[in-house]
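Those protein sequences? They're chains A, B and C, same order as listed. Each residue of the first sequence is one higher than the one before, starting from 1 at the first, in the working numbering. Each residue of the second sequence is one higher than the one before, starting from 1 at the first, in the working numbering. Each residue of the third sequence is one higher than the one before, starting from 1 at the first, in the working numbering.
Please note: incorrect hints may appear among the correct ones.
[Unchecked claim] Restricting the straight-line Cα-Cα distance to at most 20 Å, the calculated cross-link-like pairs of lysine to aspartate or glutamate (DMTMM-like) are:
#1 C:K32 <-> C:D109
#2 A:K12 <-> A:E85
#3 C:K32 <-> C:E110
#4 B:K154 <-> C:D115
#5 B:K300 <-> C:D115
#6 C:K67 <-> C:E55
#7 B:K108 <-> C:E101
#8 B:K154 <-> C:E55
#9 B:K300 <-> B:E107
#10 B:K154 <-> B:E107
#11 C:K32 <-> C:E55
#12 C:K100 <-> C:E110
In case anyone wonders, no lab produced these hints; they're calculated from the structure.
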Amino acid sequence: MRPNLILHVIAKFVIPLIILFALYVQFHGDFGPGGGFQAGVIFSAAFILYSLVFGLETAEKIIPPHWLRILASLGVVIYAGVGIESLILGGNYLDYTLLGSTQIAGQHLGILLVELGVGITVAAAMLILFFAFAGRGRE
Amino acid sequence: MGNHISLLLVIVPLIAAPLVAVLPRGRLPWAVSFAVSVVCAVFAGIQLWSVLNGGVISYELGGWAPPWGIEYRIDAVNAFVALIVAVIAALTLPYALHSTEREIPDEKIPTFYSALLLCLTGLLGITQTGDIFNVFVFLEISSLSSYALISLGKQRQAFTASYQYLIMGTIGATFYLIGVGLLYSQTGTLNMQDMANILPSVLQLNTIVTGFTFIMVGIALKLALFPLHLWLPNAYTYAPSVVTVFLAATATKVAVYVMLRILFTVFPQTFTIATPADELFIVAGMAGVIIASFYAIYQKNIKRLLAYSSVAQIGYMVLGIGFATATGLMATLIHLFNHALMKGALFMAIGAIIYRIDSCRLDQIHGLGRAMPWTFGAIVIGGLSLVGVPGTAGFISKWYLVTAALEQSAWLPVAVILIGSLLAVVYVGRLIEALYFKPAADNGKVVTEAPLMLLLPTWGLVLANIYFGLDTDLTVGVAEQAAAILGGMKP
Amino acid sequence: MDFFIGHYNYWVVIILMMVGLYTVISRGNLVKKIIGLNIFQVSVFFLYISLGTVEGGAAPIIAEGVKVYSNPLPHVLILTAIVVGVATTALALALVVRIKETYGTIEEDEIHNLDHSL
Chain A
1 MRPNLILHVI AKFVIPLIIL FALYVQFHGD FGPGGGFQAG VIFSAAFILY SLVFGLETAE
61 KIIPPHWLRI LASLGVVIYA GVGIESLILG GNYLDYTLLG STQIAGQHLG ILLVELGVGI
121 TVAAAMLILF FAFAGRGRE
Chain B
1 MGNHISLLLV IVPLIAAPLV AVLPRGRLPW AVSFAVSVVC AVFAGIQLWS VLNGGVISYE
61 LGGWAPPWGI EYRIDAVNAF VALIVAVIAA LTLPYALHST EREIPDEKIP TFYSALLLCL
121 TGLLGITQTG DIFNVFVFLE ISSLSSYALI SLGKQRQAFT ASYQYLIMGT IGATFYLIGV
181 GLLYSQTGTL NMQDMANILP SVLQLNTIVT GFTFIMVGIA LKLALFPLHL WLPNAYTYAP
241 SVVTVFLAAT ATKVAVYVML RILFTVFPQT FTIATPADEL FIVAGMAGVI IASFYAIYQK
301 NIKRLLAYSS VAQIGYMVLG IGFATATGLM ATLIHLFNHA LMKGALFMAI GAIIYRIDSC
361 RLDQIHGLGR AMPWTFGAIV IGGLSLVGVP GTAGFISKWY LVTAALEQSA WLPVAVILIG
421 SLLAVVYVGR LIEALYFKPA ADNGKVVTEA PLMLLLPTWG LVLANIYFGL DTDLTVGVAE
481 QAAAILGGMK P
Chain C
1 MDFFIGHYNY WVVIILMMVG LYTVISRGNL VKKIIGLNIF QVSVFFLYIS LGTVEGGAAP
61 IIAEGVKVYS NPLPHVLILT AIVVGVATTA LALALVVRIK ETYGTIEEDE IHNLDHSL
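With the hints as constraints, model all of the structure from the sequences given.
This is how it looks when you write it as structure tokens:
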């Protein structure tokens with residue numbers, strides 16, 4: 001791939017900002033608009049931009065595809081695990097109120113963890129999709 | 001535990017699916033999936049038992065009370081359907097071990113089982129939930145995974161079949177979504193029970209009628225009601241054997257359940273009868289029985305032959321819904337169960353043939369019945385059940401269906417049911433003729449009986465066909481209760 | 001006239017819905033079909049979102065001095081439906097890629113001919 005200085009510089013400047021924004025959307029989700037779905041997509045957009053500018057092989061060195069698979073599964077397990085945890089604590093499935101010392105603390109913790117799981121899965125799944133399509137016909 | 005079982009039924013396969021996807025190749029993914037399916041079957045059995053003895057189970061997800069939160073609401077109807085799905089899954093998975101090793105490339109096996117578990121999650125979720133939007137979500141979980149499963153078929157037509165199903169299925173699901181949106185706009189609720197309470201006051205609105213129509217067309221696409229069945233024959237034909245067994249025995253059944261729920265629980269029965277829906281169902285059901293059976297007779301591929309027969313069988317079920325009487329609903333529910341047994345057994349036996357000769361064309365199976373006597377026996381008994389010979393499960397469903405028709409002095413449906421059975425004799429006869437009476441091709445290949453792991457689940461279902469043809473306590477008893485809940489009346 | 005202007009959101013939805021459905025039915029190109037399917041789905045998203053609007057309502061975030069909020073439930077439902085839509089599109093495109101690789105074409109009639117000339 002022919003290096004393009006402008007693209008490289010701008011991408012290196014923009015990618016951290018995109019990731020930062022993704023994290024903001026992720027963790028501010030319980031106070032304002034946001035949440036795991038949106039954050040996951042924004043997060044993966046940063047990596048997609050990276051691989052567009054620096055090439056697919058370089059991007060796959062940063063996140064190997066089999067890691068993505070594990071991450072995508074991990075997210076679902078976190079989500080389901082929070083639910084099971086509340087079952088173990090004696091509540092109904094996904095009853096966050098029991099997770100913390102007070103009801104509100106429990107709700108905060110619960111939704112934070114669930115959205116984290118969603119975020120991880122969505123980000124990983126979007127990247128898996130991108131790599132699957134972009135890498136097709138390469139070998 | 002108690003009520004948590006209703007939830008775990010959905011959550012256990014949901015958690016297992018991503019775990020299976022990251023397991024190494026080999027037999028571990030299969031072992032985990034099999035364990036999960038057995039656990040689900042046990043849970044579904046316990047759930048049905050506790051519903052029959054203790055009445056409706058209501059489970060509030062996240063501790064949010066309905067109608068605000070999502071509620072799992074289980075009565076005899078969904079407990080029955082959930083049991084069918086879970087038991088078929090538990091029988092399909094032992095069958096899957098050898099069949100997938102033959103038909104699916106090694107590196108895709110973990111993903112295959114993961115998708116199968118997701119499909120199971122979706123189907124069980126549909127049966128458990130009492131939230132009309134949640135049904136859509138689970139419907140799409142099961143559909144998306146089944147598109148992926150179908151596309152894993154060996155022939156290249158699997159891709160086009162899967163694509164065709166995807167387009168039709170998505171249109172169906174989106175229609176359902178439109179309908180739910182319109183109902184929500186007038187009732188302000190998504191909980192089925194709550195909606196059933198509010199609906200009578202707004203029934204005269206056009207929005208409700210439109211929403212009802214959209215939902216019905218959407219589900220009719222999903223359950224492959226004639227003439228919306230076009231995706232089904234290709235999908236069943238080109239899917240891997242295991243997938244065909246599982247989908248044929250469960251997916252359309254669950255769609256029939258959703259239709260029953262919407263028609264008789266969410267909407268008041270008087271509304272359903274006042275609309276032309278019930279007449280349309282009778283017409284579509286009759287047309288499906290006759291035309292699809294004729295198509296089945298002319299097929300050259302045995303999987304396709306049985307797929308068209310499935311369309312015809314769905315016609316019978318819809319016929320029962322169309323009568324909108326307690327006996328009619330009973331007939332539908334009994335046939336739901338029995339059809340899962342017979343089509344499961346038949347597709348498993350066909351899968352065993354494919355396992356041996358790698359083909360399912362009618363002209364290449366000549367004489368195989370003598371080489372594979374156990375497989376052939378399964379096809380004969382499954383076929384007899386499909387025809388509705390007394391002593392098999394198929395007879396019981398036809399009996400109740402004819403009774404329901406006679407109650408209403410509907411002579412045409414009675415005639416159609418009988419003609420449909422005669423046509424079934426013809427297509428099952430063609431299958432048996434090719435398998436047993438045609439001389440075997442003299443190509444030097446020696447075909448032996450299928451492995452035991454394929455035969456055991458097949459014969460499990462075959463024996464169930466006979467058992468439920470003789471002892472009808474479970475099926476008829478449960479169906480009676482279920483029909484009473486749906487129709488709100490005794491037969 | 002009021003009937004048209006007062007319900008403009010529904011007219012947009014209906015037009016988009018018909019455009020999408022027509023594209024799915026009439027086009028033989030598999031990718032164009034997917035585009036049609038997407039338009040069709042998006043029209044339903046619009047339907048839900050416009051249902052949730054409350055006249056004069058603010059975004060459903062608790063803030064001082066705001067009395068009327070839009071109904072957030074349809075938004076949440078549609079978020080789920082959008083995710084389903086993304087998954088469907090991805091799966092459909094993946095299938096099209098595989099079809100292109102095995103058949104060498106993504107025109108429906110050509111695929112049909114290839115399958116029946118065997």
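- [ ] Enumerate the violated hints, using their earlier numbering and listing them in ascending order.
- [x] When the structure is compared with the hints, numbers 2, 8, 9, 11 turn out to be violated.
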